Amino acid sequence: MEQAHTTHNVGFLGQKENNVIAGLLIGVERPARDEEKSKKVVTNISLERIKLNNLLVELASKRDKEVFSELFSYFAPRLKSMLMGTGTDPETAEEVAQEAMISVWRKCEMYDSKKASASTWIFTIARNLRIDRFRREKRPEFDPNDPSLVPAAEPMADDQLALNDRKAVVETALNELPDEQREVVKLSFVAGLSHQEIADQLSLPLGTVKSRLRLSFEKLRTSLRSQI
Amino acid sequence: MTFHHPQEDILMSYTAGALGESWSLAVASHMTFCPECRSSVALVEELGGFLLEEHDPVPLSELALTVAQEQLDLQAVEQVAINSAVVSSIPVPLRDYIGDTVDEVKWQSIGGGVYQHLISTQDGDQARLLQIPAGKSVPEHGHGGRELTLVLSGSFSDENGEFVAGDIEDVSEEVTHQPLAGTGDNCICLVVTDSALKFKGLIPRFVQPFISI
Ligand SMILES: [Zn+2]
Chain H
1 MEQAHTTHNV GFLGQKENNV IAGLLIGVER PARDEEKSKK VVTNISLERI
51 KLNNLLVELA SKRDKEVFSE LFSYFAPRLK SMLMGTGTDP ETAEEVAQEA
101 MISVWRKCEM YDSKKASAST WIFTIARNLR IDRFRREKRP EFDPNDPSLV
151 PAAEPMADDQ LALNDRKAVV ETALNELPDE QREVVKLSFV AGLSHQEIAD
201 QLSLPLGTVK SRLRLSFEKL RTSLRSQI
Chain F
1 MTFHHPQEDI LMSYTAGALG ESWSLAVASH MTFCPECRSS VALVEELGGF
51 LLEEHDPVPL SELALTVAQE QLDLQAVEQV AINSAVVSSI PVPLRDYIGD
101 TVDEVKWQSI GGGVYQHLIS TQDGDQARLL QIPAGKSVPE HGHGGRELTL
151 VLSGSFSDEN GEFVAGDIED VSEEVTHQPL AGTGDNCICL VVTDSALKFK
201 GLIPRFVQPF ISI
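Line order of the protein sequences matches chains H and F.
The first sequence begins at 1 in my numbering and counts up by one.
The second sequence begins at 1 in my numbering and counts up by one.
Okay, chain F solo, but in the shape it has when bound (with noise of 0.2 angstroms):
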C-alpha cells in the first residue's frame, strides 16, 4: 500500500489526456502499485464522461454513419489482452521506454555513487532514472519547477517523509530537499522535473553539466 501520492491536480489532468508524456509516465506507473489513485482516476474519468453527454449534439454528414458502417466489416476486433510479461520492479508503462527490468537500464554515473539514465520522452520535460546506493544522498537541490519521484526500489527519506516502492514524492519550486536512501537497497527511482534542478554548495556545480539539463 503506498502512502504518497500525486497531488489531485496532477491526476485530473492525467485523466483529462491534457498531462504531458514525461508526467503521465510517472503517474501510470504509479497507479500498478496504487489503488486509491486507480480509484480516483475511475472517478474523474466519469467527470469526463459526463462532460461529453453534456455537449449539444452538433449533426454529422449525412453519409458518415454510411460510410462509418461500411469500415466495421475490415475491422479486426481486439480482445482484453492477457500480459504474461515477467514480474519485475518496472510497471508496465515504463517497459515501453527502459525495458522489462532494471538490468536492461544502461547506467551513467553522475558522481557520488550516483547513477541517472535519461529517458527519451517528447514533452519537453525530464525524465530520467536515479540509481543512490543505499544510505547515500543526492545533493541538496532546489527546483525551478515542479518534481515528481516515483520510488521503483529500495527508499529514501527527506523532509518529507519515507518513501518506498510505489510511493510518489510531489514537490514544487518553493522546496528544497535532500533526499537520502535507505539502508539495504539501492534506491531506483524515476525521477520527472519541468526544468533544471538547482543544487547547492561545490559539488553540484561540478556534478550539473552531467546531470544534462
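Extracted from the complex, chain H is given alone in its bound form (with noise of 0.2 angstroms):
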C-alpha cells in the first residue's frame, strides 16, 4: 500500500487561485425556462460544462469510444493535476487518472445529468479511487438505494437551483473566501486531507481547521440560498 501523505507538497496552494478555465467562461444572461419562477440569476455559464454533460450523457447511451476519448481529454490531464497535488509521484497519478476514467465508461449508466455536473460526478469517482488506493481504511458510502431511506417531505429549497446556477454559486463562493478558508478546503479537498492532518500541516489548532471549514460551508449554502 503506498502512502500518498508523506510528502505533503503543497507547492500547488494559492499560485492559481483565479485560474478559472477563463477562457471557457462567457457572462451572459440565463435563458429563461418555462417552469423556471421569476428568480433572475445573471451568472457565467459554462458552454463547456454543458457539453462535458452531454457526452457523458452520450457515452452512456452511445458506448461509443470518440466520445470517451473526448471526456478523457478533458478529464485525465486534470485528474493527473489533482492527484499530483496531493505529492502522488506522476506516474501513479497518470495510472490513477487511466483507472478513473475506465471507472467512468463502466459506470457511466449510473451518471444522472439532472443530479450533478460531469465534473462533480468524476470527482466523485476519484475521491473514492484515491482512497481505495492510498487510505488502508473503507469509505462507508450513503446509498441512495438503501431500503431504509427517509425521503424529503417536500422538495428541498437548496436542490432547486439548475445545475449550472450552482455551479456558478459554488465557483463565486469559493473565490469569495478568505485566503485561509480556501487553503483549508483545498487541502482538504484537493489533497484529501483531515483535521488534523491539515492542523499538523499548517501548524494550526484542529479547533481552528473546523471553523474555517465551517464557515466555508456556511458561505456555500449562503450563496447558494441567496439565488433561491
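There could be a bad hint or two in this list.
Facing chain F, a subset of chain H residues (Cβ under 7 angstroms, in silico) [to be verified]:
1) Phe72
2) Glu94
3) Lys107
4) Tyr111
5) Lys138
6) Phe142
7) Arg214
Honestly, the hints are just simulated from the structure, not real lab data.
Just so you know, these numbers come straight off a predicted model, no measurement behind them.
Built from N, CA and C at the ideal position, the CB exists for glycine as well.
Two chains, each in its own frame: build the complex with the hints.
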C-alpha cells in the first residue's frame, strides 16, 4: 500500500486561485425556462460544462470510444494534476487518472445529468479511487437505494436551483472565501487531508481547522440560498 | 425528519473523502435518514467538481489514451443496483459492519443494563453500538475529544435536547453529558469517539475497562 501523504507537497496552494478556466466562461444571461420562477440569475454559464455533461450522457447511450476520448482529453489531465497536488508521483497519478476514466466508462449509465455535473460526478469517482488506493480504511458510503431511506417531505429548497447556476454559485463562493479558508478547503478536497493532518501541516489548532471548514460551508450555503 | 445533524466541518470532510472510516460510517448512515444532509453533501460535491475543473491540465504520456481505450472492451458495465434488502432500523452503510438487523448483533454487557457492541474499523478511532434500556441512563461522562452519536431506534435526551431515530448528536471535548434513554423502546445508537470517554464518579471506574478504550 502506498502512502500518499508522506511528502505533503503543497506547492499548488495559492498559485492559481483565479485561474478559473477563464477562456471557457462567457458571461451571458441565463435563457428563460418556462417552469422557472421569476428569480433572475445573471451568471456565467459555461458552455464547456454543458457540453461535458452531454458527452457523458452520450457515452452511456452510445458506448462510443470517440466520445470516451473527448471526455478523456478533458478530464484525465486534470485528474492527473489534482492527484499530483497530493504529492503523488506523476506515474502513479497518471495510472489513477486512467483508472478513473475507465471507471467512468463502466459506470456512466448510473450518471444522472439532472443531479450532478460531469465534473462533480467524476470528482466523486476519483475521490473513491484515491481512498481505495492510498488509505488503509474503507469509506462507508451513503446508498441512495437504501430500503430505510427517509425521503424529503417536500423537495429541498437547496436542490431547486438549476445545475449550472449551482456551479456558478459554488465558483463565486469559493473565490470569495478568505485565503485562509480556501486553503483549508483545498487541503481537504484536493489533497484529501483529515482535520488533524491539516492542523499539523499548517501548525494550527484543530479547532481552527474545524471552524474554517464550517465557515466555508456556511458561505457556500448562504450564497446558494440567496439565489433561490 | 431529523433535527440534529453533524456539524458542517464533518460534512465537508466526508464529501472530500478526508474523513476517517468510523466517522464516515456515522455520516453515511445519518444521510439515510436526513434529506437535508444529503442535499448539503450534494452541494459540497459541486465544490469538488469545480476544484477538479480548476486544475491546470498535466498532459498524460502519449499512449495513455490508447492504453485506456484498449481496456474498455474488457470492462463489465455497471448498472444501478436495485436494493431489495430487508427494511430494518439499520441503514445500509452500517449493515456491512453489523448485519441487516439488530437481532444479529452480539451484545456484551457493560453494567447498569447497558450493552455495547464494538465495531471494527481501521481508522484508529472507536465505533460502537450502545443499547441503553428504556428510561435508563449511561454514566455521566466528558470527552477527551469529539463524539458523534447516531440514534438508530428509541430515543435519548441530555443537556442538548431530545434525539430520536436518525438524529446525530455532535459534541466536542468541552461537553460533559448524561444521556437518558426515552421510555418506550430501548435506545440503540451508533457512537463514534476519537479518544477515551471520561466517566465521572465511582461506577465509571468500574465500567471504563469494559468499554475497552
Ligand atoms: Zn442531517
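### Contradicted hints - numbers only
4
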